[in-house]
Amino acid sequence: MKRIDAIIRPNCLDAVKDSLVSIGVEGMTVAEVRGFGRQKGHTEVYRGTEYSVDFVPKLMVTILAADARVASILEAIAKGARTGKMGDGKIVVTSVDEVVRIRNGEHGDAAI
Amino acid sequence: MTEQVVGRPERHFVSVVTLLIALFIVGICGPAQTCFAQSPKPDPAGIATGDRTSVTDAAGNPFVVPEPTDKTAPDYAAAKKSYDDYQAQAAKEPLATKLADGVGHLRIGTNFAWTLNTGYLVLFMQAGFALLTCGLVRKKNAAHLMMLNFAAYVFAFLAYYAVGYGFQFGAMAINSAPANIGGTPTLNHFLIGSGSWGWLGGKGFFLSGPAYDAGSNVLTLFEVVFMETAGYIIVGAICERITFWAFLLCELFIGAFLYPVFGCWVWGGGWMSQLGSSWHLGHGYVDFAGSTVVHAVGGFCAMALAVILGPRLGKYGKDGKPRAFPAHNIVYVVTGTFILLFGWMGFNPGSTLGATDLRISVVAVNTNLSAVAGSAVAMLLWYALFGKPDITMACNGMLAGLVAITAPCAFVSPTSAIIIGVLAGALVCGGVLFFERVVKIDDPCGAISVHGLCGWLGAVSLGIFADGTYGSGWNGVGAASYLGHAGQGVTGLLHGDIRQFWVQLGGATLCAVWAFGATFLVFFVVNKIKPMRVTAEAEQQGLDVPEFGMVAYPEDALVTVDY
Numbered sequence: 001m002k003r004i005d006a007i008i009r010p011n012c013l014d015a016v017k018d019s020l021v022s023i024g025v026e027g028m029t030v031a032e033v034r035g036f037g038r039q040k041g042h043t044e045v046y047r048g049t050e051y052s053v054d055f056v057p058k059l060m061v062t063i064l065a066a067d068a069r070v071a072s073i074l075e076a077i078a079k080g081a082r083t084g085k086m087g088d089g090k091i092v093v094t095s096v097d098e099v100v101r102i103r104n105g106e107h108g109d110a111a112i
Numbered sequence: 113m114t115e116q117v118v119g120r121p122e123r124h125f126v127s128v129v130t131l132l133i134a135l136f137i138v139g140i141c142g143p144a145q146t147c148f149a150q151s152p153k154p155d156p157a158g159i160a161t162g163d164r165t166s167v168t169d170a171a172g173n174p175f176v177v178p179e180p181t182d183k184t185a186p187d188y189a190a191a192k193k194s195y196d197d198y199q200a201q202a203a204k205e206p207l208a209t210k211l212a213d214g215v216g217h218l219r220i221g222t223n224f225a226w227t228l229n230t231g232y233l234v235l236f237m238q239a240g241f242a243l244l245t246c247g248l249v250r251k252k253n254a255a256h257l258m259m260l261n262f263a264a265y266v267f268a269f270l271a272y273y274a275v276g277y278g279f280q281f282g283a284m285a286i287n288s289a290p291a292n293i294g295g296t297p298t299l300n301h302f303l304i305g306s307g308s309w310g311w312l313g314g315k316g317f318f319l320s321g322p323a324y325d326a327g328s329n330v331l332t333l334f335e336v337v338f339m340e341t342a343g344y345i346i347v348g349a350i351c352e353r354i355t356f357w358a359f360l361l362c363e364l365f366i367g368a369f370l371y372p373v374f375g376c377w378v379w380g381g382g383w384m385s386q387l388g389s390s391w392h393l394g395h396g397y398v399d400f401a402g403s404t405v406v407h408a409v410g411g412f413c414a415m416a417l418a419v420i421l422g423p424r425l426g427k428y429g430k431d432g433k434p435r436a437f438p439a440h441n442i443v444y445v446v447t448g449t450f451i452l453l454f455g456w457m458g459f460n461p462g463s464t465l466g467a468t469d470l471r472i473s474v475v476a477v478n479t480n481l482s483a484v485a486g487s488a489v490a491m492l493l494w495y496a497l498f499g500k501p502d503i504t505m506a507c508n509g510m511l512a513g514l515v516a517i518t519a520p521c522a523f524v525s526p527t528s529a530i531i532i533g534v535l536a537g538a539l540v541c542g543g544v545l546f547f548e549r550v551v552k553i554d555d556p557c558g559a560i561s562v563h564g565l566c567g568w569l570g571a572v573s574l575g576i577f578a579d580g581t582y583g584s585g586w587n588g589v590g591a592a593s594y595l596g597h598a599g600q601g602v603t604g605l606l607h608g609d610i611r612q613f614w615v616q617l618g619g620a621t622l623c624a625v626w627a628f629g630a631t632f633l634v635f636f637v638v639n640k641i642k643p644m645r646v647t648a649e650a651e652q653q654g655l656d657v658p659e660f661g662m663v664a665y666p667e668d669a670l671v672t673v674d675y
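First to last, the sequence lines map onto chains A and B.
Letter 96 of the first sequence, counting from 1, is numbered 96 in my numbering, and no numbers are missing.
Just add 112 to the spot in the second sequence (first one is 1) and you have my numbering.
Just so you know, the hints here were simulated from the structure itself, not pulled from any lab data.
Please read all numbers here as calculations on a predicted model, not as lab measurements.
Mixed in with the good hints, there may be bad ones.
From the derived model, a few chain B residues whose C-beta atoms are all more than 12 Å from chain A [said to hold, decoys possible]:
1) Asp197
2) Gly321
3) Lys427
4) Trp626
DSSO-like, lysine-lysine: derived pairs with alpha carbons at most 27 Å apart [to be verified]:
5) Lys210(B) with Lys40(A)
6) Lys251(B) with Lys40(A)
7) Lys251(B) with Lys85(A)
8) Lys433(B) with Lys40(A)
Each residue gets a CB set at the ideal place from its N, CA and C atoms; glycine is no exception.
All chains, please: the whole structure from these sequences, using the hints.
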């Protein structure tokens, strides 16, 4: 089982969601996050004083997947989120030890 | 936990101080009121206010012709004839004079309604200022800002009820009787001073006795909301680091003493208003709706407190350069500004104390002209300097224009109103940058620049731009004629009255010195006895939870209460 965390541009959420749903993904969690990479932030002026806005708003989409499905999910996310410019984001895949469905206690792949 | 115990000593301190102040006041004021039993009777039911003597025509000529008393006056013969004619006609037509009693009562009633309703508009400005200042600070202090604005209304009102109104207007009938609302004849004694040199009023404490009067209560309602404006102005400069107990002391100080004293000098018939009679300085010091009495008093009081408190943690870096703490809610800032603009339609036009004074329309338009000119200049100036129009400065620019026109609004032309707004917009921009970068006084909402500097500018502008079309007989000067013209009103430098300019310049500057000096003296001592600033930990956390135990917004709720 794998956990896929995709940091994407906020305006790409609908495209990523549609793309994932079209390959059969049935669930995802979205969180609002801030961050920077090579895109960097920028400076603004407030009442005459400069300040840096280093952290750019992004969304983190989290999906749990069986090992066999990971590759197609990565491709679907990238298709929906890619603009070709700096700031498109990153996808991280980590291994998951256990997944439990709270409603009925199912474990493992059955719980995904 | 020790954090909970910290709140208790402050509460006891405030309660004890308040109790001592109340006892002291009752001690000196109780006997003072009973000594003057032969004054006019107060009219609490309003059944003896407004009669034929209240009736005037559009030009202000009274229906009841007064008997001329000065036999040596050049127009004595004509005046005596007018008086005799009136007496003869009144004897022949008793129904007409009875009707005049009804007309007079109606006129006073109209003006009561006007003054009270415009007062309610000014009261609503409390909400505007609360939104404005809350939006301008960091989210972690949102509840603190709201509570400061709220508690300001509560405690300053109580202080004003106890002694402030009596100090400010206790002698109103002597030199400044408000004819539009019946003259408040029972408020006729100076506690300190007399005649043209009154320093402090001495009737109407605890709004009882002479102040338990229908006309006096109209004045009370209208004037208390003006005092409240000065009271909440300080919030803009002292927020995000002042303890609640210290803030309550500030409000009691403003409501009981700082505001009413200067207010007596200018509006209560005190010495500044009489400088036209006593020292032949124009019409005396004039401030129509309170650029200095309200705004500069608040602004310079705020400045003194901001100096004593020091800047917010992290506001200035090790290199001394200022850091930005951006507003957390621009929606509140703009909405608040609009509410203040709306309320100002009560603040300025209401200051005629009567709908029968038809200058109210000119006042209303002038007020708006200055507001928009100030905002336009601030936006364009900021565009030119920094490439984007700062929304908070656009709002401050509008408020600057409003503050600056508050003194001269009744006395100037629309063109002058625009010019005053332009000057105010430029001044507030310069002031904000100056205080932040040069003097390094941390003023989160720009209160010192908007209210202090532009309040001063407003009073001085009156001395420059007043064109004489309104205000004939103001402060008892030149009722028959002024500068050689019958009906000439308050006039400024550009229209031939340099002495008016000097008294305005001097008076406005005195206001700044008074507000800053008295506040600094008192609170420097208070701060030495017990520091008025919150702990560094509380300030870093944001004052919402340490001072009030709650957050402002549901998404930040500390405890989820979904069952």
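Taking the hints in turn, this is what the structure says about them:
1. With a closest Cβ-Cβ approach of about 66 Å to chain A, Asp197(B) is found to remain outside the 12 Å limit, as its non-interface label requires.
2. With 12 Å as the threshold on Cβ separation, the claim that Gly321(B) sits away from chain A holds: the shortest Cβ distance comes to roughly 49 Å.
3. The non-interface label for Lys427(B) is inconsistent with chain A: the shortest C-beta to C-beta separation is roughly 10 Å, within 12 Å.
4. The Cβ of Trp626(B) lies farther than 12 Å from every Cβ of chain A, with a closest approach of about 29 Å, so its non-interface assignment holds.
5. Proposed proximity of Lys210(B) and Lys40(A) is contradicted: the alpha carbons are some 83 Å apart, above 27 Å.
6. This hinted pair checks out: Lys251(B) and Lys40(A) have alpha carbons roughly 25 Å apart, not beyond 27 Å.
7. This hinted pair does not check out: Lys251(B) and Lys85(A) have alpha carbons roughly 33 Å apart, beyond 27 Å.
8. Restraint check for Lys433(B) and Lys40(A): the C-alpha separation of about 24 Å stays at or below 27 Å, so the hint holds.
The structure shown violates the earlier hints numbered 3, 5, 7.
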